[in-house]
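Peer 1: Given next are the chains, with one letter for each unit.
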Amino acid sequence: MGGLDKVLEDTAVELLRRAASELRREYVEALYKAMEKCEGSIGRAQLDAILRNIELARKSSEPICQDTGIIGFIVRVGEEFPVRASLRDILVRATRRATEEIPLRPNAVDLFKGNTGDNVGLGVPIINLELVEGDELELTAFPKGGGSSNVAAHSMITPGLGLKGVKRFVIESVARAGSLGCPPYFIGVGIGGTEDHCMLLAKKALLKPFQVRNPDPNIAALEEELLQRVNELGIGVMGLGEGPTALDLHVEAAARHPATMPVGVIMSCWALRHATAKVTREGRVHLL
Amino acid sequence: MEYRLKTPIQEEAVRRLRAGDIAYLSGTLITARDEAHKKALEMHARGEKPPVNFEGNGVFHCGPIVKRVDGDWRVVAAGPTTSSRMEIFEDRFIEAFRPSLIIGKGGMGERTMRACSEYGCVYGAFTGGAALLGAQGIRRVKEVHWLEELGMPECLWVFEVEDFGPLIITIDTHGRNLTREAMDRVAAKKEAIISSLGG
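Going line by line, the protein sequences match chains R and F.
Quick note on numbering: my numbering labels position 130 of the first sequence as 130, and the sequence is numbered without any gaps.
Quick note on numbering: my numbering labels position 175 of the second sequence as 463, and the sequence is numbered without any gaps.
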């Protein structure tokens with residue numbers, strides 16, 4: 001399986017490069033639209049700087065932001081896909097190479113020894129593994145910067161407060177994030193499951209297709225309402241009150257224990273960076 | 289108003305700036321984040337001097353990506369990091385080292401505001417994430433200190449910059465703080481939104 005190992009490693013490096021340097025087209029279009037609509041000169045100056053920066057990154061294939069994040073991968077492994085046990089080693093090698101080649105900023109800090117220098121450390125890169133049907137592997141590189149991670153929020157709402165309690169917590173969390181996480185934001189909300197699982201749901205909500213609502217009409221309505229409400233907060237571009245507060249918001253839900261109502265809110269800065277590819281068992285790569 | 293600032297920036301030029309002005313910096317810009325602030329202040333407390341002179345210069349809350357190319361440093365990406373983390377240090381830092389311009393993102397709080405008024409310093413917000421635009425304004429790396437000890441994001445990079453910006457002055461020497469003003473408005477709206485929520 002040496003050949004397939006190498007394909008996976010190269011693919012992971014390429015995905016990290018793409019994630020770091022190319023913002024998805026629909027996000028860029030949304031930022032252009034925001035600039036057309038923005039009336040304030042401070043908001044416009046910042047959106048202009050953002051758009052010029054995106055263009056520079058696309059041309060040079062260099063990172064959009066110097067904070068290239070803690071490296072995370074979401075891997076969906078088909079049950080017939082031949083590579084399993086060596087996946088961690090492959091993604092660790094890819095992370096080291098990407099750090100050197102792209103380059104990425106070394107961000108993995110050991111609790112006792114300081115910066116490891118290569119984005120690899122205890123449990124890092126973070127690998128989230130899902131087993132799925134089929135004989136392909138789907139790999140998503142999802143690096144996450146520190147600025148917007150610092151404003152993530154979690155709460156165990158009193159279940160009796162119901163959905164109103166959930167909404168309140170989301171609005172309060174975004175208001176608290178304010179200017180700190182580089183708005184305009186993308187917002188992922190996870191509701192239900194357990195204390196840990198709702199955070200994972202919130203994280204995965206960030207990866208949902210842009211402005212495509214949840215297939216469940218109740219969740220879709222909640223997404224619409226929360227997106228509208230957080231924009232009414234008026235945080236604006238970089239927290240100076242002009243332009244949009246959030247470009248999109250997704251909710252992912254799971255059933256919960258009757259005594260608990262876990263809620264997670266994870267925000268991304270305007271540079272929501274991720275890239276995905278599918279690899280067949282024969283080693284063919286399809287960038288998505 | 290739009291200003292072109294050149295280091296060392298004179299105090300009267302700093303005090304002329306008003307919240308909402310846009311500035312571009314040329315001259316010396318030194319990166320410092322959490323660890324560098326802490327270390328510089330610890331040295332100051334012991335009566336020692338840090339290896340760089342901040343006076344009249346810009347301090348940049350930034351952990352850049354810098355690459356060695358043919359023996360020289362090349363700055364690949366250099367955008368601002370979240371400044372509020374430095375709030376616990378900045379007033380003492382400004383008092384001890386007298387920089388003229390603090391550059392970062394997300395704004396800063398009361399302690400920094402007071403030090404800015406007292407010692408003649410302003411805060412310029414650089415657009416978060418605009419790291420390549422930032423790198424474009426950096427002509428060269430003049431020096432680097434504490435690289436081994438603190439690592440690439442945390443060490444002191446001394447840059448020579450030209451027309452670095454746009455920087456939106458959000459804290460001036462006259463007691464205005466645009467980020468705080470915006471966040472006060474957000475807090476008021478938040479209360480109204482929450483009280484109108486349905487179940």
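Keep in mind that the hints were calculated from the coordinates and are not lab data.
Since this is a predicted model, take the numbers as computed values, not measurements.
Glycine included, each C-beta is placed from N, C-alpha and C at the ideal position.
Heads up, a few of these hints could be off.
Chain R is faced by these chain F residues, among others (derived, beta-carbon under 7 angstroms) [as the list claims (entries may be wrong)]:
no. : residue
1   : LEU435
2   : GLY463
3   : LEU466
4   : THR467
5   : ILE481
6   : LEU485
Peer 1: Would you settle whether the hint for LEU466(F) is holds or violated, based on the nearest Cβ-Cβ distance to chain R being less than 7 angstroms?
Peer 2: Status holds, d = 6 angstroms.
Peer 1: Could you check if ILE481(F) really has its C-beta closer than 7 angstroms to a C-beta on chain R?
Peer 2: Status holds, d = 5 angstroms.
Peer 1: Tell me if LEU485(F) is really an interface residue toward chain R, meaning its C-beta lies closer than 7 angstroms to one of theirs.
Peer 2: Given a least distance of 5 angstroms, the restraint on LEU485(F) holds.
Peer 1: Can we keep the LEU435(F) interface hint, with Cβ of chain R closer than 7 angstroms?
Peer 2: 11 angstroms, violated
Peer 1: Taking 7 angstroms as the limit, does the beta-carbon of THR467(F) come near enough to a beta-carbon in chain R?
Peer 2: Given a least distance of 5 angstroms, the restraint on THR467(F) holds.
Peer 1: Under 7 angstroms is the threshold here; is the Cβ of GLY463(F) close enough to any Cβ of chain R for the hint to stand?
Peer 2: 17 angstroms, violated
Checked against the numbered hints given earlier, this structure breaks hints 1 and 2; the rest are met.
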